[in-house]
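Sequences listed follow chains G and Y, in order.
Heads up: the first sequence begins at 1 in our numbering, then just goes up one per residue.
Heads up: the second sequence begins at 114 in our numbering, then just goes up one per residue.
Hints may be right or wrong, so weigh each one.
Calculated pairs, EDC-like style, for lysine to aspartate or glutamate (alpha carbon to alpha carbon, straight line, at most 16 angstroms) [unchecked claim]: (1) K213(Y) with E79(G); (2) K155(Y) with E30(G); (3) K213(Y) with D56(G); (4) K184(Y) with E118(Y); (5) K213(Y) with E1(G).
Worth flagging that the hints you see were computed from the coordinates, not collected in a lab.
Chain by chain, the residues run as shown.
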Amino acid sequence: EAQVTQNPRYLITVTGKKLTVTCSQNMNHEYMSWYRQDPGLGLRQIYYSMNVEVTDKGDVPEGYKVSRKEKRNFPLILESPSPNQTSLYFCASRPGRHNSPLHFGNGTRLTVT
Amino acid sequence: GENVEQHPSTLSVQEGDSAVIKCTYSDSASNYFPWYKQELGKGPQLIIDIRSNVGEKKDQRIAVTLNKTAKHFSLHITETQPEDSAVYFCAATPSAAGNKLTFGGGTRVLVKP
Chain G
1 EAQVTQNPRY
11 LITVTGKKLT
21 VTCSQNMNHE
31 YMSWYRQDPG
41 LGLRQIYYSM
51 NVEVTDKGDV
61 PEGYKVSRKE
71 KRNFPLILES
81 PSPNQTSLYF
91 CASRPGRHNS
101 PLHFGNGTRL
111 TVT
Chain Y
114 GENVEQHPST
124 LSVQEGDSAV
134 IKCTYSDSAS
144 NYFPWYKQEL
154 GKGPQLIIDI
164 RSNVGEKKDQ
174 RIAVTLNKTA
184 KHFSLHITET
194 QPEDSAVYFC
204 AATPSAAGNK
214 LTFGGGTRVL
224 VKP
């Protein structure tokens with residue numbers, strides 16, 4: 001089944017404790033992206049990757065890191081999480097051609113206390 | 114950059130009635146306008162999209178209209194059913210920034226039986 005898999009689904013952590021949210025897709029998509037969803041703000045792009053070893057900032061990249069060492073994986077790293085990063089996070093992927101539909105994972109709900 | 118505003122933020126309709134969600138965008142260069150549906154506990158899923166060379170597109174009970182002059186586009190759902198209850202997001206992207214899809218704030222639709 002074609003899918004984007006995120007782990008974990010729920011995560012509660014404390015300020016400053018480094019964490020990684022994993023994302024994997026099995027559709028051989030070139031493009032992958034991370035979004036955060038907050039009430040009333042919709043989905044805001046954090047980082048995206050056009051292909052292996054090619055990443056770029058989205059609209060809200062502060063406090064986040066990403067890497068794309070393999071085509072299928074695109075982990076999101078929070079080196080020193082803060083309470084304002086409490087949010088619902090989504091990974092998405094699509095083929096490389098412009099304006100292709102995004103395929104989203106089921107989300108990771110992160111709480112930073 | 115692009116800015117997308119979406120209204121209303123919540124919408125309650127009686128089963129069988131129509132629902133309309135409206136979005137405006139700021140960048141006149143935007144040329145791709147997808148709509149996503151997010152069910153509880155899941156990631157958003159594309160339901161319909163429209164490109165700037167088309168004024169209207171229909172898919173069964175769902176239709177999208179685009180007015181490029183006024184820079185707004187709308188989602189129309191006819192004969193609503195309880196399974197249409199979800200959060201809906203509009204989005205826009207300019208061709209020059211095809212890697213950055215800007216989302217509206219979302220509309221929570223509740224269809225009452």
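List, from low to high, the hint numbers that the structure doesn't satisfy.
-> Violated: hints 1, 2 and 5.
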